[in-house]
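**Student:** Listed below, chain by chain, are the residues.
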Amino acid sequence: MDFILNNLLSLILFVPVLAAAVLLVLPNEEKTLLRWAALIGSLFPLALSLTLWANFDNSLPGFQFEVWHTWYAALNSSYHLGVDGISLTMVLLTTLLTPIAILASFGITDRVKAYMILFLLLETGMLGVFLSLDLLLFFVFWEIGLVPMYFLINQWGSEKGERELWPGVKVAARTYASFKFMIYTMAGSLGLLLAIQMIGVTVGSYDLPVLFNLWPTIAELKGVGPMGLPIETVKSIAFWAFAIAFAIKVPVWPFHTWLPDAHTEAPTAGSMILAGVLLKLGAYGFLRLVLPLYPVEAQRYSGPLAFLAMMAIIFGAFAAFGQNDFKRLVAYSSVNHMGFVVLGIAAAAYAAGGNDAAIALNGAVLQMFNHGLSAAGMFFLVGVIYERTHTRDLNDFGGLFPLVPVYGGILVFTSMASLGLPGLNGFISEFLVVRGVWGVGVNNWSGFALFTALSMIGLLFTGAYILKGVKKVLHGPINHHWEEHGLKEIGVREILVMTPLIVLIVWIGVWPAWILDVINKAVMALF
Amino acid sequence: MQFPILSVIVFLPIAAGLLILLMPAGRKTEIRVTALAASVAAVLLSAWAYLSYDLAAGGYQFIEKVPWLPFLGISYHLGADGMSIPLVLLTGVVMLTGVLISWGVDDRPREFFAFLFILATGVFGVFVSLDLFLLFFFYEIAVFPMYLLISIWGWKVTREYAAMKLTLYLFIGSVFALVGALAMYFQSGLNTFDMLELEKAGFSAGFQQLWFPFVFFGFAVLGGIFPFHNWSPDGHVAAPTAVSMFHAGVLMKLGAFAALRVGIMLLPEGAQYWKWLILGLATVNVVYGAFIAMVQTDFKYVIGFSSVSHMGLVMLGFSTLTKEGMVGAGMQMFSHGVMTALFFAVVGMVYDRAHTRQIPELGGFSRVMPWPAVAFVLGGLVSMGMPGLSGFAAEFPIFMGVWRVQPWVAIFSAIAIVITAAYIIRVIGRVFFGPMPEHFAHGDHAVGDVNVLDKVAIVVICVLMVAIGVYPQIMAPLVESGVQNILRLVGGA
Amino acid sequence: MFVPFDSTMLLAILPEILLVVLAGVVLALDAAWQPEKRRWLGWLTVVGLAVAFILTATVSQPESEPRLLFGGMLRDDWLSFAFRLVFLFGAAITTLFAMDHEALGRKGEFYVLLLVSTLGMNLMASAGDLIMLYLAIETTSIPLYILAGFITTDDKSTEAGFKYLLFGAMTSAVMLYGFSLLYGFSGETNLYLLAGKLGELPMPALLGSLLLVLVGFSFKVSAVPFHFWAPDVYEGAPTPVAGFLSTASKAAGFAVLMRVLLAAFPAALPSWQGLIALLAVVTMTVGNLLALAQTNVKRLLAFSSIAHAGYILIGVVAVNAAGMNLGMASVVFYLIAYLLTNLAAFGAVATFGRVSGSDEMDAYKGLSRRSPALALVMLVAFLSLSGMPPFGGFIAKVFVFAAAVEANWIWLAVIGVLNSIIGLYYYLTLLKYVYLYRQDNLEEEQKPLPISRPYALALVLLVIGIILLGTAFNPWFEWSRTAAASLF
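Chains as they are written, first to last, in our numbering: chain A, 1 to 527; chain B, 1 to 493; chain C, 1 to 488.
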């Protein structure tokens with residue numbers, strides 16, 4: 001037991017890899033075995049992270065369960081892990097969603113082994129980002145997550161559709177989407193990579209606690225060759241390099257265009273993880289790196305950032321409303337919802353240290369968690385209906401409620417959570433964000449008040465597109481077309497997938513304190 | 001007297017090669033088994049040397065020194081430091097995998113393996129030579145079997161042209177380096193070719209600046225430095241699989257290594273003087289190589305130009321004359337060595353089955369040969385510098401080094417990373433995934449899976465790539481200790 | 001320096017005595033034996049030369065200080081000793097190659113002529129007097145004229161002999177004129193006494209006579225522009241003879257060249273250095289460039305041997321007055337390496353030509369499939385010629401270039417280096433025929449290429465020698481150095 005507690009983070013991080021290795025030696029043909037092995041393998045990290053949660057001391061600020069080991073001595077980079085409230089929440093989200101997503105992909109029949117291995121590796125990649133306390137290690141895991149996701153979309157994505165990669169070259173839609181996903185993210189990471197290198201060269205260390213102390217106040221670029229630019233400019237550029245890399249991942253308007261494609265083409269479980277966890281990586285990057293490393297720049301540029309977030313909220317909502325593809329609609333809803341996260345972060349950056357900032361940030365982190373739950377649920381439900389009808393066109397549906405009442409009930413419930421119905425989780429976090437941002441902006445000319453106000457329009461449209469989706473799928477006269485096709489009700493496995501999500505949605509909606517306590521301490525420590 | 005492990009490593013291949021030459025030509029199986037046994041022994045010995053290198057002591061170890069031509073101060077002087085010992089291991093690995101992959105060579109396998117092993121002796125020898133003359137001796141031995149291997153067993157279309165081009169380029173480079181080396185010898189007045197002595201010669205700045213280009217670029221030709229890289233893609237493409245592996249995997253390192261050991265280490269002030277030029281050329285290598293690779297339609301040319309691009313990174317690392325840059329370059333030599341060996345092995349497997357390397361004509365190979373497909377993907381990721389794999393552990397420090405001397409170059413050459421990603425993804429997508437052409441899937445020319453030996457070779461390489469990427473500490477401290485020695489000479493940061 | 005006659009002097013000319021005896025025995029037995037037994041004449045010659053070689057090496061080593069014997073006619077020093085061993089070895093190997101040659105093997109007079117020519121070379125290497133030198137050169141040349149034209153039924157061979165004779169006679173005449181001028185200016189014929197007298201001469205007179213003398217030597221070493229005979233003669237002459245011409249005869253030429261230049265013309269050192277440097281550049285470049293276009297292997301080897309004369313001349317240039325540098329030692333070493341290598345090349349060509357009857361490159365297609373062993377010998381020989389380790393040719397080239405760099409003739413070294421690249425090209429081209437190309441519609445494996453015992457013996461000896469020179473080069477180098485040191 002001591003061993004487990006002492007190495008808790010390493011275990012959480014690498015148990016999925018271990019499980020993947022076990023899967024590797026299992027026979028290809030035993031699909032059921034492979035599925036169960038993957039599921040059980042992914043339950044271990046969940047159990048471990050629950051242990052972590054239980055042993056996490058809320059009252060302490062700073063990082064806990066730190067692990068330190070030499071990793072790349074020549075660069076002064078080390079294997080340094082640790083959790084605080086923010087990362088703990090995210091770790092819980094990741095370890096929770098992975099088994100759910102694996103359970104959701106029991107329907108996969110093509111190359112099950114490779115699929116499951118990729119999923120488990122993906123989990124390690126994501127967890128690594130949340131756990132790293134070394135900038136280089138952070139980057140390592142940041143990029144690693146990309147690869148499995150690429151192949152999940154590229155190989156197990158939707159088989160229909162063709163897109164033009166560039167004029168004259170037509171490729172399968174999933175190839176297009178995965179390529180776009182990869183190139184966007186890699187291009188974004190490139191700036192991040194260069195900025196990380198510069199920081200490393202200047203400070204001579206990649207250890208985050210060290211960097212938090214030194215980098216924000218650094219006065220000259222020691223060790224870096226001649227660039228001919230003043231330090232402020234360099235730091236601003238580096239700030240934007242970080243910000244854009246994370247903004248692409250979140251995604252913030254106008255860097256979001258990869259997301260609808262990727263979501264639409266990804267397999268159901270891939271979309272769940274993509275929306276549920278991968279997008280959080282970007283937001284987490286803002287919280288973990290941008291705010292502590294660039295307090296000055298973050299404050300200086302919080303206005304533009306908030307503007308982009310607001311645009312994401314509004315355009316995400318409008319775009320979602322305009323979709324006829326159910327999955328695309330949900331995809332755009334992610335842009336919309338994640339906009340609130342960034343808005344909260346931007347406001348907090350502007351008013352660093354204030355009470356309103358803390359509220360906004362609390363809301364942002366909670367929104368990350370909540371969106372993880374609801375978006376995963378929504379994508380799963382889209383997947384469920386798609387699996388039965390092989391269409392995602394909203395115009396093909398309508399009047400399904402009488403045919404599949406249980407499914408209909410769950411869909412309505414999840415949609416309400418996404419919409420932000422009071423009493424469910426989404427309401428809490430969005431309220432906190434809006435309250436915090438308004439508080440930041442109300443007494444000055446920073447523009448945050450305006451952003452809040454305009455975002456409320458976005459929120460209004462959130463209601464509109466979600467209701468549109470629900471209406472187009474479920475309501476209306478009974479659908480005889482699908483009745484003739486014998487549309488099946490949601491199955492036990494699928495309900496099992498949704499159960500934990502529903503429970504948490506309600507739980508946080510009713511009593512958010514248990515999670516906000518954890519988040520709050522960490523958020524306060526950020527300043 | 002301690003066990004002369006380096007001599008054994010160096011001469012084991014050539015002894016095996018001669019033994020093979022003495023066997024009757026018809027006994028192909030026995031010949032192959034002998035070759036395999038020798039290469040396994042070479043790998044084990046080089047791994048042993050790698051593991052028994054005493055990091056705490058540092059410096060040159062396993063030293064053997066016997067006078068060879070006392071009048072001119074030529075000695076048979078071997079020794080390995082942190083920079084060379086990973087390369088010795090690399091050579092062993094490539095030799096083993098090369099033999100495994102070449103099991104199917106049916107035309108005069110006796111001569112094939114014999115020449116390949118003579119080549120291996122030359123390569124091992126260069127990496128562990130501490131005598132300038134000895135280094136040349138082995139260097140030339142490493143070059144000429146290449147000609148025969150390419151022109152006899154190579155791709156029929158371009159082999160003659162490519163082999164001749166390659167040999168002439170390399171020979172021209174090496175003789176210029178030789179003249180430079182002779183100038184050093186006589187200028188020093190120490191009457192010794194011993195490099196450890198020549199390091200202390202204290203050449204005047206003017207002398208160093210004059211002769212550095214001779215020596216450095218003479219060797220760097222083999223390292224594929226722009227604009228002398230032209231031979232390399234042609235050579236890669238024309239060579240038979242195992243030779244491509246050797247060629248890109250090890251031989252190009254030979255050039256870079258010799259340029260480092262003779263050029264930078266013996267003429268440090270010359271290196272300081274010329275480093276901007278090298279930096280510039282290497283940057284061109286990196287970016288231009290990647291661009292050219294992107295527009296190729298021949299699978300093997302893509303890899304060939306990617307080697308040019310990646311070797312540019314090695315040169316880039318050298319040119320920084322900083323700790324990070326050199327450590328990165330050292331790591332990159334190993335990482336690129338195994339990676340590109342893997343690439344060529346896989347290309348060979350595909351070509352052997354499809355009989356074409358035109359990317360548009362291929363497709364869907366992951367279904368019939370999953371192992372090579374996965375390995376190629378892994379190699380591709382290494383090539384893109386994906387974190388967690390060896391390529392990242394190598395490229396990242398190189399870029400850090402470049403940051404130290406010229407940030408704009410770092411920023412500019414980072415373009416290559418995206419381009420690399422683009423062409424790697426394209427190749428993977430077109431060759432291994434996507435629909436398979438009908439005639440490969442069914443009929444007489446249906447494509448089959450690779451055999452066990454191929455899989456063993458692939459796995460060995462993949463394990464190395466992942467291990468170094470996940471935990472660079474298994475190699476980096478070695479390289480770092482070698483770099484410390486270089487920095488002591490260069491006197492840089 | 002001059003030593004009065006005593007019986008030990010005979011020991012110093014022991015190899016020459018043995019050669020004369022051997023020639024006499026062969027001549028006698030040739031007359032006595034039935035034609036079918038005459039094949040043994042070859043073995044007899046080989047064994048005799050081997051015995052002479054061993055006796056010379058063991059018994060007739062020179063004393064530590066160079067001596068002028070027989071009234072200054074001969075000089076007994078390490079240089080002549082070394083070269084005499086080289087000639088004996090070359091002659092023995094040539095005999096082995098000739099033994100199974102249809103037109104040569106059973107002819108006693110062939111062996112006699114070969115032995116006499118070797119005798120001439122021995123004297124060339126040790127001549128200390130202009131008169132002796134001229135006699136030696138003629139003793140060498142006249143049998144060689146005959147040998148080149150030995151196959152009277154073959155037009156090409158006859159032409160070769162005649163051409164060689166004409167060129168040889170002409171250049172020999174010019175050289176003799178030079179000798180007479182030297183004598184006229186100084187009143188001395190002894191090389192070692194000339195130097196003192198010539199030092200007082202006006203430069204134009206000195207250089208003029210030097211130039212005339214050089215013509216003769218250039219012919220012997222086939223330096224451009226006195227090389228025209230070489231391709232035709234090599235092509236037409238029986239292959240073993242061509243091999244002998246291109247190695248031993250050339251080595252003898254260089255021995256004389258070195259001795260005369262250093263003994264008689266130290267005063268004009270800078271002048272003749274420039275002259276020889278020019279000669280070296282032209283010789284290498286022309287030889288190599290012309291070799292590129294050849295399709296006949298023997299012609300190719302002829303041009304390559306011209307080019308090699310150029311490389312060796314680099315070593316001659318790179319001498320300094322003190323004599324304590326690499327220059328001459330590198331020349332001696334180069335000559336030894338070159339002799340072994342080129343003999344191996346000609347031997348391989350002879351072996352091949354005997355069976356296939358052709359020396360065209362095209363005929364070499366598929367050789368590695370017909371006879372892997374012979375292909376390997378060609379590989380070794382040609383790579384050594386091109387200067388690749390671990391063969392003697394590499395070390396020799398390195399020494400020569402090193403000598404040039406040491407003596408600050410860097411540009412000359414660079415030109416040599418560039419030339420060796422051209423050389424590499426055509427050597428590799430030939431190897432391409434051997435290893436890569438295939439004959440049309442033929443399974444080469446069905447046409448094996450037998451190698452008879454004398455050939456095998458000679459080739460194995462040469463290959464071992466080439467590799468020894470390339471790896472265990474220290475004793476050879478020390479030997480060369482001792483030989484070269486005795487020049488000064």
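To be clear, the hints were calculated from the coordinates, so they are not data collected in a lab. Idealized CB from N, CA, C, for every residue including glycine. Watch out, some of these pointers could steer you wrong.
Claimed, not checked - Quick list of in silico lysine-lysine cross-link-like pairs, DSS-like style, CA-CA up to 27 Å: (1) B:Lys156 x B:Lys28; (2) A:Lys31 x A:Lys160; (3) C:Lys447 x B:Lys28; (4) A:Lys31 x B:Lys455; (5) B:Lys28 x B:Lys455; (6) B:Lys200 x B:Lys65; (7) A:Lys488 x A:Lys31; (8) B:Lys156 x C:Lys447; (9) A:Lys160 x A:Lys472.
Unchecked claim - Restraint-style ranges between C-beta atoms, simulated for each label pair: (10) B:Ala441 x A:Asn28: 15 to 23 Å; (11) C:Ala205 x B:Lys200: 34 to 42 Å; (12) B:Tyr351 x C:Thr152: 52 to 60 Å; (13) B:Leu55 x C:Arg453: 56 to 64 Å; (14) C:Ala50 x B:Tyr351: 52 to 60 Å; (15) B:Gly491 x A:Pro226: 41 to 49 Å; (16) B:Leu18 x C:Thr158: 55 to 63 Å; (17) B:Pro227 x A:Val296: 54 to 62 Å; (18) B:Phe291 x A:Val506: 50 to 58 Å.
**Student:** Hint by hint, note whether the structure agrees.
**Tutor:** Hints, verified against the model:
{"no.": "1", "hint": "B:Lys156 x B:Lys28", "in the structure": "holds, 23 Å"}
{"no.": "2", "hint": "A:Lys31 x A:Lys160", "in the structure": "holds, 25 Å"}
{"no.": "3", "hint": "C:Lys447 x B:Lys28", "in the structure": "holds, 21 Å"}
{"no.": "4", "hint": "A:Lys31 x B:Lys455", "in the structure": "holds, 24 Å"}
{"no.": "5", "hint": "B:Lys28 x B:Lys455", "in the structure": "holds, 21 Å"}
{"no.": "6", "hint": "B:Lys200 x B:Lys65", "in the structure": "holds, 18 Å"}
{"no.": "7", "hint": "A:Lys488 x A:Lys31", "in the structure": "holds, 24 Å"}
{"no.": "8", "hint": "B:Lys156 x C:Lys447", "in the structure": "holds, 24 Å"}
{"no.": "9", "hint": "A:Lys160 x A:Lys472", "in the structure": "holds, 22 Å"}
{"no.": "10", "hint": "B:Ala441 x A:Asn28: 15 to 23 Å", "in the structure": "holds, 19 Å"}
{"no.": "11", "hint": "C:Ala205 x B:Lys200: 34 to 42 Å", "in the structure": "violated, 52 Å"}
{"no.": "12", "hint": "B:Tyr351 x C:Thr152: 52 to 60 Å", "in the structure": "holds, 58 Å"}
{"no.": "13", "hint": "B:Leu55 x C:Arg453: 56 to 64 Å", "in the structure": "holds, 58 Å"}
{"no.": "14", "hint": "C:Ala50 x B:Tyr351: 52 to 60 Å", "in the structure": "holds, 55 Å"}
{"no.": "15", "hint": "B:Gly491 x A:Pro226: 41 to 49 Å", "in the structure": "violated, 20 Å"}
{"no.": "16", "hint": "B:Leu18 x C:Thr158: 55 to 63 Å", "in the structure": "violated, 45 Å"}
{"no.": "17", "hint": "B:Pro227 x A:Val296: 54 to 62 Å", "in the structure": "violated, 46 Å"}
{"no.": "18", "hint": "B:Phe291 x A:Val506: 50 to 58 Å", "in the structure": "holds, 55 Å"}
Checked against the numbered hints given earlier, the structure breaks hints 11, 15, 16 and 17 and satisfies all the rest.
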